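K.L.:
Here the structure of chain A is known, so what remains is to put chain B in place on it, guided by the hints.
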Amino acid sequence: MSALLPRERLIVSIARLLEGVRHVAVGASSPIPAAGAMLLRALAERDGKPRVRISILGSREHNFFTNGSAELFDCAGQGRIDAFFLGGGQIDGEANINLVGTGDYPQTPVRWPGSFGSSYLYFVVPRVILFREEHTPRVFVEKVDFVSAPGTSPEEVYRPGGPHALLTSLGVFSFDRAARRFRLESVHPGHTLPEIKAATGFAFDHAPDVPETADPDAATLALLRGRVLTELGETYPEFARQIGADITAADLAACQPA
Amino acid sequence: MQTHRLEDLARMVPDGARLALPVDYAGVAMAMTRPLIARGLRDLHVVCLPTGGMQPDMLIGAGCVATIETSAMTLGEAGGAPCFSRAVREGSIRVMDATCPAVHAGFLAAQKGVPFATLRGMIGTDVLANRPDWKVIQNPFSDDPDPIVAIPAIRPDVTIFHCPMADRDGNVWIGRRRELASLAYASACTLVTVERIVETSLLADEVMAAGVLPALYVEAVAVAPRGAAPIGLWGEYPADMAEIGRYAREARTPEGFRAWLDGADRALEAVS
Numbered sequence: 001m002s003a004l005l006p007r008e009r010l011i012v013s014i015a016r017l018l019e020g021v022r023h024v025a026v027g028a029s030s031p032i033p034a035a036g037a038m039l040l041r042a043l044a045e046r047d048g049k050p051r052v053r054i055s056i057l058g059s060r061e062h063n064f065f066t067n068g069s070a071e072l073f074d075c076a077g078q079g080r081i082d083a084f085f086l087g088g089g090q091i092d093g094e095a096n097i098n099l100v101g102t103g104d105y106p107q108t109p110v111r112w113p114g115s116f117g118s119s120y121l122y123f124v125v126p127r128v129i130l131f132r133e134e135h136t137p138r139v140f141v142e143k144v145d146f147v148s149a150p151g152t153s154p155e156e157v158y159r160p161g162g163p164h165a166l167l168t169s170l171g172v173f174s175f176d177r178a179a180r181r182f183r184l185e186s187v188h189p190g191h192t193l194p195e196i197k198a199a200t201g202f203a204f205d206h207a208p209d210v211p212e213t214a215d216p217d218a219a220t221l222a223l224l225r226g227r228v229l230t231e232l233g234e235t236y237p238e239f240a241r242q243i244g245a246d247i248t249a250a251d252l253a254a255c256q257p258a
Numbered sequence: 001m002q003t004h005r006l007e008d009l010a011r012m013v014p015d016g017a018r019l020a021l022p023v024d025y026a027g028v029a030m031a032m033t034r035p036l037i038a039r040g041l042r043d044l045h046v047v048c049l050p051t052g053g054m055q056p057d058m059l060i061g062a063g064c065v066a067t068i069e070t071s072a073m074t075l076g077e078a079g080g081a082p083c084f085s086r087a088v089r090e091g092s093i094r095v096m097d098a099t100c101p102a103v104h105a106g107f108l109a110a111q112k113g114v115p116f117a118t119l120r121g122m123i124g125t126d127v128l129a130n131r132p133d134w135k136v137i138q139n140p141f142s143d144d145p146d147p148i149v150a151i152p153a154i155r156p157d158v159t160i161f162h163c164p165m166a167d168r169d170g171n172v173w174i175g176r177r178r179e180l181a182s183l184a185y186a187s188a189c190t191l192v193t194v195e196r197i198v199e200t201s202l203l204a205d206e207v208m209a210a211g212v213l214p215a216l217y218v219e220a221v222a223v224a225p226r227g228a229a230p231i232g233l234w235g236e237y238p239a240d241m242a243e244i245g246r247y248a249r250e251a252r253t254p255e256g257f258r259a260w261l262d263g264a265d266r267a268l269e270a271v272s
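Chains as they are written, first to last, in my numbering: chain A, 1 to 258; chain B, 1 to 272.
Pulled out of the complex, with its shape left as it was, chain A reads as follows (with noise of 0.2 angstroms):
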């Protein structure tokens, strides 16, 4: 089998991030978080584990709501969703995000669509993977301009959730409620530490020697590949399609001699 491709090695780092989850909801257009809920599914599924559920905004297959767009705030407010993806045009090292704009709101010079479910889903969801692909300065930045959710709330505002993890095309972030302070626990083969803090506008905590992030075994990979695959293709066709094509063409290319 070929090697990991750098969004396969995004979806196995959701599944990890996962891991221990009864019910994961993804938002809509989040082919990859909802790749690695789907992963995090199939695993335990082969393992033997509890039962994951997984609600997957958009598709047919993979939602269960029947009770409108409120169903899922409805459903978090209730405690009963696990863990949740939020992103952001900017995030900041005390884990807040902004979804509206830059600049000096409201006439904002760029303006984002909005701040969706966010400002709400982030304080009750207790396990909130932040996933931004693009590891940039202008993207990671010092201070937001605009909070769409704060990463963490004064001790008498109700907050059963919060920043869990943020992952980039670049690492894996864990981040420290108390502190305030992610913590960069690997960094993608490919990529180092230097080049991270070269594109983080923000400080961050780190051990002395960052590891690598963790290949999967063939195993994992292989239902990645089979069934994620297969499952992904019916809300989100023309990412799998895509995946497909590169693995078929990293295939090809291990296959040539050198």
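FYI, nobody ran anything at the bench for these hints, they're computed from the structure. Some clues are possibly wrong.
Unchecked claim - Some, not all, of what chain A presents toward chain B, calculated at C-beta under 7 angstroms:
1. Asn-63
2. Phe-64
3. Asn-67
4. Gly-68
5. Ala-70
6. Cys-75
7. Gln-107
8. Ser-119
9. Val-124
10. Ser-153
As the list claims (entries may be wrong) - According to the in silico footprint, chain A covers these stretches of chain B (three or more CB under 8 angstroms from chain A):
11. 36–44
12. 74–86
13. 116–122
Values in this document were obtained by computation on a predicted structure and should not be read as measured data. Ideal placement from N, C-alpha and C gives every residue a C-beta, glycine not left out.
P.N.:
Here is chain B on its own, set in the frame of chain A:
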């Protein structure tokens, strides 16, 4: 109940109305967009439950909207909403930025006939900081400090959406798109476009009846085959992504938006 023409429905929306519209995947009456624009409506306060797409973007591009209350404006895979982004940059529109469950809470309060509903989250956000109409109150049932946000009832003057079918009595089949019921319960007047009228009562069959919005909440119905296009309609047809993408590109400038409107007008005339 008689069925109406799209123009009749458009005439039921006055200038300055608080107009509620559904999220793209619930059923958007795109066929109503042009008749609304053709009326030259002004000063609309558009409320999106809970986010908006091409329809409110077109209304903004045509200068019909003074205020938009929404959790997001997006064309989905096709990217940002071009007329909305331009209006924000130019400061020509007032945005009441929200978060999805807060909009749902406002509609729920109106549905119950109560002044507000409370909701967790939001404390410490700039969304809340910019919504003076939302209040942080103390949980009256707690002895400890427990701040919680109160969201006032949202009572639209008019709601417009699109569904697969209605019957001759004006009952409308909304399936599991319950946000359409939320819109209708909260609104003074609900206007519905449908793919088709069925001759048997939708309430005659218990399986269908579970997904029916009764005529009690429906002011008027008009037939508009493919009335959600180029947005898709659940169970009926998918979105025309090429056409939405073309809109996303062309509407980036006011001239492009006008040309897109005119071009589509010509295409309509050629058909009729």
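K.L.:
With reference to the structure, classify each hint as holding or not holding.
P.N.:
Evaluation of the provided hints:
1. Checking Asn-63(A) against chain B: minimum C-beta separation of about 10 angstroms lies over 7 angstroms; hint violated.
2. Because the closest C-beta pair between Phe-64(A) and chain B is about 10 angstroms apart, greater than 7 angstroms, the hint is violated.
3. This hint holds: Asn-67(A) has a C-beta 5 angstroms from the nearest C-beta of chain B, less than the 7 angstroms allowed.
4. The interface hint given for Gly-68(A) holds, since its Cβ lies 3 angstroms from the closest Cβ of chain B, which is under the 7 angstroms cut-off.
5. Nearest Cβ of chain B to the Cβ of Ala-70(A): about 4 angstroms, under the 7 angstroms cut. The hint holds.
6. Evaluation of the Cys-75(A) hint against chain B yields a violated restraint, the C-beta minimum of about 11 angstroms exceeding 7 angstroms.
7. Residue-level restraint check for Gln-107(A) holds (minimum Cβ-Cβ distance to chain B is 5 angstroms; threshold 7 angstroms).
8. The interface hint given for Ser-119(A) holds, since its Cβ lies 4 angstroms from the closest Cβ of chain B, which is under the 7 angstroms cut-off.
9. At its closest, the beta carbon of Val-124(A) sits 6 angstroms from a beta carbon of chain B; the interface hint therefore holds under the 7 angstroms criterion.
10. At about 6 angstroms, the closest approach between the beta carbon of Ser-153(A) and any beta carbon in chain B falls short of 7 angstroms, and the interface hint on this residue holds.
11. Proximity of the stretch 36–44 of chain B to chain A, defined as three or more residues with a beta carbon under 8 angstroms from a beta carbon of that chain, is not established by the 0 residues found.
12. For the stretch 74–86 of chain B, the stated coverage by chain A is satisfied: 7 residues place a CB nearer than 8 angstroms to a CB of that chain, which reaches the threshold of 3.
13. A count of 4 residues in the stretch 116–122 of chain B with a Cβ less than 8 angstroms from any Cβ of chain A is obtained; the coverage claim is therefore met, three being the minimum.
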